[in-house]
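Asks: As a plain string of letters, each chain reads:
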Amino acid sequence: MLRRRHTISSTHHSHPPVVPANEFVADFMAWHTKPKPSLNKAIIAFGLLTSLGLIGILIKLFTVGLENRSDWGYLAAITAFLLSTAGCTPFVVLGLRMIKAHWRRPIARIAESYSLVTVVTFSFILLLLFLIPSSQNRRTIWFQNDHVGTVGAIPFTPHLYVIIGILAMVLAGLGLWWTSLRPDIRLVNNLKKADKPTNKSWVGSLKQWRVQNKGLAFLGAFFFMTFIWAITLYCIDLCMSLVPGWRDAIFPVYQTLSGIQGGLATVILSMYVLRRFGGFEKYIFMEHFWAASKPLLATCLLWFYFWFCAFIIFWYGRMPIEQDLLQLIMFGPYNIAFYIAFSCCFLLPFLILLWNTVRKTVWGPPVASALIIVGCFFDKLRLYVSSYSVQDDLALHAITEIPATILPNITDILIIMGGFSLPIFIMLLCTRLFPIMSVWEMTEGLRLTKMTKFLRTELRVLGKPE
Amino acid sequence: MQERVFLPNKQINDDLLKGSFETPWWYLAWMALFAALTAWGVFAFGYAINKGLGVTGLNRPIMWGFFLTDFIFWVGISHAGVMLSAILRLAKAEWRRPATRAAELLTVLSLMVSALHPIFHLGRPWRFYWPFPYDFSRGIWPDVRSPLVWDPHAIFTYLIGSTLFVIIALIPDIAVLRDKTKGVAKVFYGALAMGWRGTPRQWKIQIVAGFLLSGLLLPVFVSVHSIVAWDFAVNIGTEGWHVTIFAPYFVIGAVHSGVSGVVTMLILLKWMFKWDDYIRQEHLESLAKLLIVIATVWFYFFFLEFIFALYNLEDQEIALRELQAFTWPYNLIAFVFLFFGYLIPVPLWLFRRVRRNWVAMFITSIMVNIGMWCERFLIIVPGLARKTNFNFSWGSYTPSWVEISIVVACFSLIFLLIMTFAKVFPLIPLFDIKEGQTLSDEIQIGKRTVPALRVEE
Amino acid sequence: MAQMLALYKTAELAAQSTEALDGAGVTNEEWDVLTDAPYPEGAFGEKDPEHKLYVFPFMGACIGFTLAMIETIGTQTAYPLVTGGKPIFSMPAMTIIAYELTMLGAIIATVLGILFESRIPNPFAGIYDERITEGYIGITIICEEGKIESLETLLKANGAEDIIIEK
Amino acid sequence: MVQTPKAKKWKMIIDIDKCTGCQACVLACQAENNIPFNTDALFNQSRASEWIRIERYWEGEFPDVKAKFMPVLCQHCNNAPCEPVCPVYAAYHNDQGMNVQVYNRCIGTRFCQNNCPYHARFFNWFEPYWPEGMENQLNPDVTVRSRGIMEKCTFCVQRIRRAEIDADIEGRANVDGDVNPACVQSCPSNALLFGDSLDPDSRISKKLDDARKHTLLDHLGTEPNVIYLKKVDEEYVEKEAHH
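Chains as they are written, first to last, in the numbering used here: chain A, 14 to 479; chain B, 8 to 464; chain C, 364 to 530; chain D, 330 to 572.
Extracted from the complex, chain A is given alone in its bound form (with noise of 0.2 Å):
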């Protein structure tokens, strides 16, 4: 009788049990170290359709070659989309880290993993700055236009300062990623018996503890400003300044924004790929995806909030320069690629995740996250095909002619099949590589995690260290 009654009340609270440290680092390093064959095949798959796209890339550099800016326009928009997919996950860990939240331990490695998808981005920008004028003469945030002479002229923009700004977040992301990964490669190598120079350089004193959580949260504040800023100088430099007359102060924080949003989707695609076919139910449950499920409804929320601040000011304000910038990269040649990104960006994430019942379950934010990202990319299509089909003519600050559509042909096609399968394909070569799960960080929580008998229920208590 009483322990019925008992059994009553306590199942209200769904808490899996709390798994002790030890037991999950057997369990993890015993499928890190024998990973399936299928893994394997996946890998090969997945390198071939990255390597097509790169051969795509090839053969439109030595058909059409660098002339003309609007060949290239779905490349740009490829890079955009995985520099605010993949680019921005560390940012989701990194931000979770800073506010203690318990959730991110099982994600942390995958989100900073994905930095190293990022080295690859970075390639393409490269490419594409040869695409990009200078900004002499034009109006840019680099204060280049026609009043300034040759006194207040700053050399190399805009190419330089993207680089720069880009290669500081892409080494700060592989600075995270690298700083929390020493523990557990030592671990490891401890197992298969290994004898590594990392060995040395690791060995878990209380020393290098405390030096490596100051270091992830020193490098966590340099991301966060690098990757804003990069953010920042990719979507302008290499969109907005393409369009004479588009000026659009809010555009920069609407990409970072997308970004962030692209991120926390991808990581909880992630986690679910790792919980399906890693086989982590233990580890991963319905609450981190609950957790992480609040953020992306915001990210949703947000993704209206920014985009309908410029489109209010430019369909109030009916100035020509502004009916033209509605028609080019919303309702005019790219509009359905516009409907496409509205409702998956924030239409049917909003209307999936607006209900408890859904975002407690472990399938619903995955469902949401997958439409965002297929949102996120036809939203860089309508932005960066359209800014890079514009003529841009330097002496009348204004779009003279909205262009008409450009459809992929078949090298496009290779490139956004090969920029869909590049961070596939490293996450699964990281999987292979390195302990994809941060065990140090799991152990951790777990160690921080009991059930307590609270009067006649059960409850998890969850430390929080200062």
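Honestly, the hints are just simulated from the structure, not real lab data. Values in this document were obtained by computation on a predicted structure and should not be read as measured data. Among the hints, erroneous ones may be present.
Pairs of lysine to aspartate or glutamate, EDC-like flavour, derived with a Cα cap of 16 Å [as the list claims (entries may be wrong)]:
#	chain 1	residue 1	chain 2	residue 2
1	D	Lys395	D	Asp538
2	D	Lys542	D	Asp346
3	B	Lys193	C	Glu507
4	D	Lys347	D	Glu563
5	B	Lys17	C	Glu497
6	A	Lys373	B	Glu463
7	C	Lys530	C	Glu507
8	A	Lys466	B	Glu329
9	B	Lys187	C	Glu497
10	A	Lys477	B	Glu289
Position chains B, C and D against the provided structure of chain A, taking the given hints into account.
Replies: For chains B, C and D alone, kept in the frame of chain A given last:
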């Protein structure tokens, strides 16, 4: 480090209800002072109604001045409440507990006061209700395309919402007052408590309601200041206003000044009511950390706004920035805005010693709000002073005694309202504090005990 | 039917005696707990209270949205004046007003829902004691007059400080 | 909305080349439209209200300095920025292409003035006042605006209506030149020209395709109904000739 204090519930009641049961002489003295200032403001407004807005310093082209500056300022302050209590509630941040009610109260009161400003500002204040769709008899309607019609919708939605939010969260504390008072007061509180008993059901609903209302109020809170921003940003007629980033820039600025306002208020409460056990350094520190982030994001937005406005290097824009940055007295205001609003407080907050120091935080938080007031002024007036492309009718502006006294009156009205509220209701939610004590726990790791939290998903 | 209210100094004792009550076959429908602060659900072994609070905001939102549509469309049709070359039905402007009124409806409905779901206002809520807000835990029981003595002894045995009975 | 028998679209053409900056239009407007006197005090407070004003710009350095005059009045834009921001429809567009202000409806938010790029709207800061006796010269066809509301150039709408009524009485349609706003009527150098642009054989529709034609701040896309004709600068013409 969190220093945990455990107190018996009875003592919590006695401490936090101090305000309602004892009234020191200085308290009444302050209230009298504020009441007098407010009365003076009322007189000034009456004078303006009687003589016409000519008695203000407004002119062509500066048609909007102190009143709207103050309007934006108070709307901004009103964003403290939801920002803190809602976001921190949703994030389940423990340190929110003593701050929520104060923040929400600040929201409600400052929003009420800010809603008065457009009326001061109208040419014919006795027709303030005309933007509402009420006129069925004559079939004359407002123009829904006007931002000034969006404004009342947003502000009243926010006002009603946050007021209900405060009331709902008050019910359990009113029940405590009901049990502690006698006679008429008991009847009064008893009526307000609506027969609250504290059954598990009622508590559960109370908690769920907290989350639900927070979730509903957050989007409203963003929209309110955005719409206030659009009052300016839809303008193509005024230099420096037609900027797409205005809405989020205003919102984050509002949060910046609002949270600082809450810090000021909390410190004052601690000093006034000796609530050292409830408002502790850990709360101060967390608020300061939050402020660093907010302020930095705000500064990034400001940077974008400035760069994007200026980079075309159009003569009119240059003239505007020149006025803002180099022309007396605007350059002084700009200096105050930059240094008080960001450059002095934020670097100071980086030091743990400052974050945990009451006096330092008090001063810095007030500095922020002075800076933010100047920011609003610098957005409105210089833009209008360099309004048209033809420099033939550029102008300048100095406020008259009427405007100054009305602004001062609004500040004192806020203080008056807060002090009155503090006499009737507790400014720190009792049950929230008690719950915090029930849920706090510890985890032993080796030799160290880590402060922990009992959670129920 | 009689009502009785037992007051306990500590939550532990209260939890103990609810357990005892369950043992004595008094169900959760008959006994209830009164506290001065929220406790984790099921702390006293009470059933998870059912509620439909989440329905209210959606109903309210629908009402609000309808009102907004009536206002915006109505005013613009009833008074079709061209301003600034904007269309008579300006969707973006209507969106903003619709949004605000939708939220307003949702919030008001939610608050009504809260009052309804927590069963207030209710002046005749039942037996109560002022010590509860001072930290005492109260356990109320509704039972036949006959049972009173047995229950009283049971509650006393589990450390009830004071027991109030209303016939 | 004002219903008129025949569709009209009023336009004004201002020939800057003819303008001598004599301020006659300003004065005429003042007298016609019951605008209170602009005292020194009002000018010093920069609160003077001139529905049409002559903007004077100096060009070049002394001694060879040029004065340039530009009469600016409400441009009666087709996409008037001042209209949609009014919460109470006090400013709206009537079917004769004019941007009209409803004094009784105005509540004095002054938003329209902020959003007018031409700075052509005026606020009544005080109750209007005329010296003893001067109130007898007020125009009975024009409202005296009370304090706290906006006002602006109306293209002398009272004259337009009067002309229409007279035409009705005489049982004829309005002919070109029936209607002349005070400023146009009083311009000694005929720099101002007013008329119905829908009437193909009116003087104004003939001048509409003048090579010197331009509108103020056309990058804002407000489509003004007041059209300016460029100044003919002899020196510049010579320079061009030499090239």
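Asks: Now tell me if each hint is right for this structure.
Replies: Here's how the hints hold up against the structure:
no.: 1; hint: Lys395/D to Asp538/D; verdict: violated (28 Å)
no.: 2; hint: Lys542/D to Asp346/D; verdict: holds (12 Å)
no.: 3; hint: Lys193/B to Glu507/C; verdict: violated (32 Å)
no.: 4; hint: Lys347/D to Glu563/D; verdict: holds (14 Å)
no.: 5; hint: Lys17/B to Glu497/C; verdict: holds (5 Å)
no.: 6; hint: Lys373/A to Glu463/B; verdict: holds (14 Å)
no.: 7; hint: Lys530/C to Glu507/C; verdict: holds (9 Å)
no.: 8; hint: Lys466/A to Glu329/B; verdict: violated (67 Å)
no.: 9; hint: Lys187/B to Glu497/C; verdict: holds (9 Å)
no.: 10; hint: Lys477/A to Glu289/B; verdict: holds (14 Å)
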